[in-house]
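Protein chains: 4
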Amino acid sequence: MTDLAERGAARVTWIRSRMPLLRDIRNEFAERRPFAGRRIGMSLHLEPKTAVLLEALQAGGAEVVATGNHGSTQDDVVACLREQGMTLFGRRDDDLDQHAGNVARVLDAEPDILLDNGADLAAGAIERGLPVIGGTEETTSGGDRLRRDLPTPAFPIIVINDSLLKAIGENRHAVGQSVVESFMRVTNLMVPGRRFVVAGYGWCGRGIAQYLRALGGKVAVAEIDELKAFEAALDGYRVDTLENLAGWGDTFITATGAPNVISLPVIERMTDGAVLANAGHFPWEIDTAALYAAGETTEVTDGIERVDLPNGRHVVLLTGGRMLNLAGREPKGNSLESMDLGFLLQTLSLERVATRAAELAPGAQPVPDDLEREIARRMLRAMGAHR
Amino acid sequence: MTDLAERGAARVTWIRSRMPLLRDIRNEFAERRPFAGRRIGMSLHLEPKTAVLLEALQAGGAEVVATGNHGSTQDDVVACLREQGMTLFGRRDDDLDQHAGNVARVLDAEPDILLDNGADLAAGAIERGLPVIGGTEETTSGGDRLRRDLPTPAFPIIVINDSLLKAIGENRHAVGQSVVESFMRVTNLMVPGRRFVVAGYGWCGRGIAQYLRALGGKVAVAEIDELKAFEAALDGYRVDTLENLAGWGDTFITATGAPNVISLPVIERMTDGAVLANAGHFPWEIDTAALYAAGETTEVTDGIERVDLPNGRHVVLLTGGRMLNLAGREPKGNSLESMDLGFLLQTLSLERVATRAAELAPGAQPVPDDLEREIARRMLRAMGAHR
Amino acid sequence: MTDLAERGAARVTWIRSRMPLLRDIRNEFAERRPFAGRRIGMSLHLEPKTAVLLEALQAGGAEVVATGNHGSTQDDVVACLREQGMTLFGRRDDDLDQHAGNVARVLDAEPDILLDNGADLAAGAIERGLPVIGGTEETTSGGDRLRRDLPTPAFPIIVINDSLLKAIGENRHAVGQSVVESFMRVTNLMVPGRRFVVAGYGWCGRGIAQYLRALGGKVAVAEIDELKAFEAALDGYRVDTLENLAGWGDTFITATGAPNVISLPVIERMTDGAVLANAGHFPWEIDTAALYAAGETTEVTDGIERVDLPNGRHVVLLTGGRMLNLAGREPKGNSLESMDLGFLLQTLSLERVATRAAELAPGAQPVPDDLEREIARRMLRAMGAHR
Amino acid sequence: MTDLAERGAARVTWIRSRMPLLRDIRNEFAERRPFAGRRIGMSLHLEPKTAVLLEALQAGGAEVVATGNHGSTQDDVVACLREQGMTLFGRRDDDLDQHAGNVARVLDAEPDILLDNGADLAAGAIERGLPVIGGTEETTSGGDRLRRDLPTPAFPIIVINDSLLKAIGENRHAVGQSVVESFMRVTNLMVPGRRFVVAGYGWCGRGIAQYLRALGGKVAVAEIDELKAFEAALDGYRVDTLENLAGWGDTFITATGAPNVISLPVIERMTDGAVLANAGHFPWEIDTAALYAAGETTEVTDGIERVDLPNGRHVVLLTGGRMLNLAGREPKGNSLESMDLGFLLQTLSLERVATRAAELAPGAQPVPDDLEREIARRMLRAMGAHR
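Chains as they are written, first to last, in the numbering used here: chain A, 24 to 410; chain B, 24 to 410; chain C, 24 to 410; chain D, 24 to 410.
Looking at chain A on its own, in the form it has when it is part of the complex:
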């Protein structure tokens, strides 16, 4: 084994030991072999947790052909998986053209089943008319693309992010935890007594607000949807407009899904030294283009920029407006347990597609209810809970 592969293997070993749900599934798949004779094409972040997922699929008989997302591929993990006989395309430093080529090469392999992220593989498979049995889609935005922007495929796609379990386990709790951890880690600022404004009270916003308040932060919520705003108010938060909160808060965290929520006019009303961070998937919630154009930017340290505004005040921008929990030198993302849960949703959904595709309607659809319940039961067992 090469040094690179060995380093990857060591990291994967640790992660695997903390993902009991995937470990069990791997053992079951080795018995059931649901993917025997099937080729699974994947496009997803290539890091140690994903490796544990792919090992389970391979143990189930799948031939794996995979590429990563742009910019996040970890070369040691790729090396380690190649040693196990999987076909992987891509390197950390690939540019966008090379990445598109990697996706194309996965499709060239004519996979039977897709494990997709952002509907990239599905779009190609539909265009090429590939004889795909079915697949899964990790993201809400991929689900939206399938439902709104692409022709309905002839095969079923289970959208993992539609899952209520994922909303609770990942969006509320794991994102809530990782955002407060990242805020503390990156800024080293005190949470108790700090005035946080959370923009957006969806699953992520609820989790972020809850975790910040639990640590002693003063939390206000900005939310334009009246039903969610109502929930926030009943949950005891100050609920107000960003305009009104701009002069109150000293830290602003967005999780709305919408662009330019923290606009330049809002920023200009903030007090000196206000901290801005985005916890949403897309790096567009803070209008960084307008901010950089209006002020003078100094890089302070990893993940921290200071922008001096013409009004004499400055704001502190975390990780350039990209997802806060990717900031700094040691980002971890969501907890291992929540990834274990999310990937269990993937594996069982892929098994359903592989073995009972005929029962599923074509096109995008949520995780079947019986699978949700099966996964809830497994997670409860892993947590030592009983019913």
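Some clues are possibly wrong.
As the list makes no split between identical chains, a pair holds if one copy fits it or if it spans any two.
Cut-off 20 Å, straight-line C-alpha distance, at most; resulting in silico cross-link-like pairs (DMTMM-like, lysine to aspartate or glutamate) [unchecked claim]:
(1) K251 <-> E266
(2) K355 <-> E322
(3) K355 <-> D98
(4) K251 <-> D185
(5) K251 <-> D393
(6) K251 <-> E397
(7) K251 <-> D392
(8) K355 <-> D47
(9) K355 <-> D325
The hints are simulated quantities; they were obtained by calculation from the structure and are not laboratory data.
Chain A is fixed; fit chains B, C and D onto it per the hints.
Below, chains B, C and D without anything else, positioned relative to chain A:
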């Protein structure tokens, strides 16, 4: 005005001053007169909050013909409302036959619109074939009866309890608050460090568990539905079966909606002095019949019975297994603000029925989305929140 | 037994079954007989919990001669204790002169040991030069009186309220719990989202603020001592002056120990409908004299008055500015467990005085450290905790 | 300026902008010049926050002669401070002998005032009989050494860690925050539902337990002192022995100050995969010597070791049993605000020594009460709080 009516009026005045949503609606109804020429027949608890509701309907032009629920009618409130020209049937001490007669007399008045509780009026109206325009139903159980057990009526019935606002504002927060308040008030026991078992993790159970833990209680949850159990586990609670928890907890509170959840075998496994309370609507969640038959019961004080079991241990039963927040001499039920919210749902739903019944399908249905949003906006304003 | 005594006995039985620390002490005292041949004179609230305390002293061989506090004596408890052979003076309806007479009659009996409240007995014993061995004093204000206002007695007085255990168990946790319970019970208002101002951040204020925030309240703290204010700020509360908070809060609760903290000028700055309550021992923290003189008062319901001010706004005064947890028809005071703890402090301190008075200095003094630790260990055992 | 000094300067600039208390003091010192003509000798971690402290002293007229602690000196900060004319000894890679030499060289400079850590400078000054005016000592262990192990010096030493403000602001809140942040950052494990055992319920343990529970962790406390154990039980935690908790917890965090609290016999009773971390100052609370000798150790990743035990189970040891918040590649330690507070205590205590030493007794002593109050007032202002 009689003394009785005066006493009722004084109590209603105080309550009215704390129900700003109903106060505003009353003023608007006085302008819009949506019920002009209409007779509204009501069957609902007759207490001061309900009086404020009826006043708003009357201000909107309605002729009000009403009766209370069995056993909860407050005579001073009835007297006060009669002074205002409403027609009311029933007294506190009516027996079940008299109560059935009161319901019949409301129907005899041939109401155009129903404000119902448990579908009693609707059942009669359907049977008699009354020319009703439409109505509202307060409870889930009434909604279930309409959907499952009764013939679909020719008119629409908006089921108030289907509302998400009510689930959040009343079932989670107001019930959560009133249950912990009632537990402390009735027992005078310390909450921090106490081991509570909450049976059921629906909206009510979530609220009860949250409020108890917030006060320093150790809380475990028993829940047979795997999706709700999953949520409870992620929320950080111990999740286990009642059998396993019987020997751990020292206080058991049920909010499942199901009968005999706290069965005699479960009770027999409890430690000496365990406290039992029911927070669900029906007095059937604790199997009191089996409990009373098995043990020897002593009334201790208001709302508290001690039952000595053959196994040498005793349990403490609160309020005979009826709803905990009706226990003791000074029960208050849910907070005024949550009642204000719930009755705003009533008034605007009744207005919708009165003025736009043709747009509504016949039979039971949830509160229209635009009304939910309108009500959320009003509640937010009343709480001083902005969007 | 008379009916009255029987009713008292039933209530005492229930309370006794929930005070395991006193129950154990009673059994030990029956063996050790530390008070054999001693007469204990008591002046303390005469209610069921105190009865359990007195029973333990009697079991230890004491002859008990006792009176209650003014206005709080419960006649059925008195009757029940008389049946057990104790000497009790006083009735619920005694006026102040009669109460003074009762205290004098306790002193006339020439007690060897005092169980005092507010130093009434000690003051008399010093003045009369009674040959007292020693005693205990329940309150801080009694301790202050002994240390500042009275001649140092020839005998030791252990001041129970100096105990750290009492500060934590009673002042922080039990008062915190009973104040939020009483607020909810008396007003029936919603806690989540409500804006509370807590005046004073001593042990009681800390507990009140903590419990209110735990239930979803927005809490600000007013505190003139900078060290306590610092603690409140670090604990995450808004810290500000009452003047600044007057227009922000909608509910004001005092626990400062100082008079006229809620002054008329502060009240005049409050928003319409603000609620005022006192949680401090003395009924002087809200300047009710100035308030009643300035406005027009209407009694709304038990424990609630509305005062309309000349500025067109009104405030709501709970329980006339007396201790909030004595408000309403069903007040409970602090939890049974905290009373059990407090009375354990009493019994073991009295035993120390009875058996080892020579080791104690004359005058007011805290509970000896070894007793504190003994009591902590007993409470831990009662809570099922181990070290 | 050299590249190294420039890098240091950039980091110090950012930190300085987030330490408003020190910034104000620096400006005041530039006016008051309390250290004019004085040489201050320091021995303390040399990192950016300390640099801001030294700048304030220099602005106050002090000549600064300083060295760092062993192993934590940051070379870029040293370079940056040398550019500002301070005399600094030591480099990151110095061995213990070199470190001792650095301390000696600070003493060779014959400082008038000491800023000490662990009483190293004080011990040398006493031994050499240096004509020191007075000084400060940062740590409790240094204070203990001064009080118990060294001859009383002729000059006063103010022990910063005796401060109540520091106990609250740093030990409870800042350590609580940094420990949960570090746990999440290093392990990437989920906090809600996890079973934490916190050993020790002093200021640090209270903070750690509070923050973990706030994030949804199940927390038990092991504490041998009965008074602290009592407080933990009243605060709602399970309180038990480490022996009893060994099989319950899945994560163990120590903050007791005592050696070998997590002994090998305790470790051997733990469940498979239990995580061990130390949050105390000294790396002795987990008996790592016995652990390493008993099991087989694998380094997993930064700050994480896996030790396989002869009983077939394994434990996970974080950061080799050294302080958890020094673990990993990106440790941050306590929040900037808490360091600002701690160093304000330093600066004002040093000013007191420099200008009013005659008013102070010789030897170790707490921060004068008037300074504590002055500092509380400044911190309140910095947090936007009023009294």
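Here is how each hint holds up against the structure:
When the C-alpha separation of K251 and E266 is checked against a cutoff of 20 Å, the pair qualifies only within one copy, where the shortest distance is 18 Å, while the shortest distance between copies is 34 Å. In the homo-oligomer, the alpha carbons of K355 and E322 lie at most 20 Å apart only across protomers (19 Å), although the nearest pairing inside one protomer, at 22 Å, exceeds that limit. Taking identical chains as interchangeable, the C-alpha atoms of K355 and D98 lie at most 20 Å apart only when both belong to the same chain, with a minimum of 17 Å there against 28 Å between chains. Taking identical chains as interchangeable, the C-alpha atoms of K251 and D185 lie at most 20 Å apart whether they share a chain (18 Å) or sit on different chains (17 Å).
In this homomeric assembly, K251 and D393 come within 20 Å of each other (Cα to Cα) only across copies, at 14 Å, whereas the closest approach inside a single copy is 29 Å. In this assembly of identical chains, the alpha carbons of K251 and E397 lie at most 20 Å apart only when taken from different copies (13 Å versus 30 Å within one copy). In the homo-oligomer, the alpha carbons of K251 and D392 lie at most 20 Å apart only across protomers (13 Å), although the nearest pairing inside one protomer, at 25 Å, exceeds that limit. With identical chains, the CA atoms of K355 and D47 are never at most 20 Å apart, being 24 Å at best within one copy and 37 Å at best between copies.
Taking identical chains as interchangeable, the C-alpha atoms of K355 and D325 lie at most 20 Å apart whether they share a chain (15 Å) or sit on different chains (13 Å).
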